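The listed protein sequences derive, respectively, from chains D and G. For the first sequence, our numbering assigns the number 1 to the initial residue and increments by one for each residue that follows. For the second sequence, our numbering assigns the number 1 to the initial residue and increments by one for each residue that follows.
Quick caveat, the hints were computed from the structure, so don't treat them as lab data. Small disclaimer: the values here were computed from a predicted structure and weren't measured. Where hints are given, some of them may not hold.
Covered, in the sense of this in silico footprint (three residues per stretch, anywhere, with C-beta under 8 Å from a C-beta of chain G), are these stretches of chain D [unchecked claim]: (1) 32-43; (2) 48-57; (3) 68-77; (4) 111-123.
Glycine residues also receive a C-beta, built at the ideal position from the N, C-alpha and C atoms.
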Amino acid sequence: MKKYLFLFIASLFLASAAFAADSQIWDAMRVQNILGYGQEGSYKLGQLFTMLQANYFAQVYLAVLVGVPAIFVLHYLFLGPKVFSHDGKKIYTFSLLSRIIHQIAAISFIVLIPTGFIMMFGSSFGGGSFVIMMKDLHGLSTIAFGIIVIPMFLIWLKDMFLHWDDIKWLMIVGGYLSKTKKPVPAGKFNAGQKTWYWMATLGGMIMILTGAAMYFLDFNIAMINTMTGLSQIDLLRVSALLHAVVGLGVVILFFVHIYMAVFAIKGAINSIITGYKEEEEVEYLHSSWYKKLKKQGKI
Amino acid sequence: MSSEMSRMKFYCDDDRCIECDGCTVACAEAHELPTGVSRRKVVTLNEGIEGKEFSTSVACMHCTDAPCEQVCPVDCFYIREDGIVLHDKDICIGCGYCLYACPFGAPQFPRDGAFGTKGAMDKCTMCAGGPQETNSVHERELYGQNLIAEGKVPVCAAMCSTKALIVGDAQDVANIYRARIASKGKGVQSAPYGWSKAYGN
Ligand code: SF4
Ligand code: SF4
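Throw the hints in and build the complete structure from the sequences for me.
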């Protein structure tokens with residue numbers, strides 16, 4: 001837990017140090033920036049960033065934006081959604097607290113992801129005030145997400161560790177590649193949900209920190225520079241690179257999450273609103289958890 | 001070399017630069033830059049290393065295949081036929097990517113508004129203004145003077161008392177550079193400091 005507390009405090013430091021008087025990039029430090037560019041033995045982060053940003057990032061994101069939903073359409077047409085009875089008993093799955101936390105995260109993601117895309121394809125939107133507004137919204141919703149990311153991490157942590165079921169689940173891709181209704185090995189959360197949990201929380205924290213670094217730009221936290229051995233400008237380059245790479249994972253899994261909740265499992269989205277899952281849905285999609293609940297006499 | 005004929009380049013002769021910082025001041029005054037922004041800056045490289053220490057004046061070099069232009073997500077850069085790299089501040093979203101791509105730390109971000117967020121990027125225009133109507137109030141407010149349009153030399157080089165800082169057509173600048181090198185008997189050096197990063201080989 002210490003580590004996360006540290007990350008959180010570090011991000012607060014980022015905010016307070018943002019207005020440090022001495023520039024870490026220009027003025028006297030400019031020498032370091034100029035000499036550090038493409039130096040022998042350095043990571044050549046300037047060139048790496050330029051090459052990836054100029055040729056790959058936007059293209060790969062575009063492919064994801066078009067390709068992932070296209071795969072969903074095909075899946076829906078050829079394999080169809082999983083349909084479970086909504087008339088049976090219901091199993092209480094999500095506490096009120098977890099639902100509130102989830103809803104705050106959900107709203108912030110619904111703002112973060114489109115605004116991120118708009119910035120990335122800023123030229124298609126003509127840049128200027130509209131894209132700046134999207135950029136500000138991106139920053140503002142980060143605050144909401146930043147407040148709940150650690151609570152979200154903590155409330156679900158105990159259910160998210162790797163289990164033997166997860167390997168089996170992954171081998172059959174959760175049963176989503178077949179039309180037959182068979183019990184799928186999974187506890188309260190399946191391997192897919194667990195992957196998304198780790199991506200959204202740990203990946204999310206990386207997104208917050210790298211985003212904050214780029215937002216504040218010229219701040220001075222000597223500790224980070226000493227720890228990473230990076231100059232300020234290289235720290236920003238690493239932030240931009242990580243933000244794009246980790247962001248891609250977050251975006252893909254976010255799309256999958258939406259598809260599962262809204263389309264692939266009929267009515268699944270209700271469980272995070274009411275807190276209750278359909279008994280039949282649990283019986284098939286979370287069979288190990290179902291057996292456990294039965295044994296405990298909770299159903 | 002004919003394609004290089006009308007291409008503008010900066011050259012700072014580090015043997016002549018006396019680190020007076022006059023160019024920085026001239027630039028800031030001419031363009032009425034906000035405090036904290038130095039489009040041009042004199043830096044001392046290899047400080048303390050005997051025989052290798054030198055001072056030079058850096059600003060945006062107006063690079064060939066400018067990296068800043070390549071990474072800008074809103075495509076607000078435009079490169080003039082004479083190679084001067086300019087950008088449109090009304091389109092810029094202040095994302096900072098151009099700074100990450102730049103080998104010279106040239107793009108800068110004056111703080112804007114109540115939250116101290118970074119505003120539109122600012123950098124050396126080689127005294128060529130911006131996309132607005134030449135010498136209009138709007139252009140002057142956003143980018144400073146447009147001396148190139150008046151047929152004048154950029155103010156930094158114009159005021160340089162030792163004529164270390166030179167700007168002009170690439171061919172002419174290269175000739176001056178070669179003549180200076182030859183007169184010092186330094187033998188052949190391929191290019192001035194920073195040229196390979198800015199203009200390739
Ligand atoms: S020096 Fe920097 S800002 Fe100027 S053209 Fe080159 S990359 Fe762009
Ligand atoms: S700060 Fe402005 S000019 Fe620089 S890359 Fe971003 S939008 Fe383009």
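Count the residues of the region 48-57 of chain D with a beta-carbon closer than 8 Å to any beta-carbon of chain G: does the count reach three? With 4 residues closer than 8 Å to chain G, the region 48-57 of chain D meets the three-residue bar; holds.
Between the region 111-123 of chain D and chain G, are there enough contacts, at least three residues with CB-CB distance under 8 Å, for the coverage claim to hold? holds (count 5)
Verify this for me: three or more residues of the region 32-43 of chain D with a beta carbon less than 8 Å from a beta carbon of chain G. holds (count 5)
Can you tell me if the region 68-77 of chain D counts as covered by chain G, using C-beta to C-beta distances under 8 Å and a minimum of three residues? n = 0 at 8 Å, threshold three: violated.
Figure legend: structure checked against the earlier numbered hints; the only hint not met is number 3.
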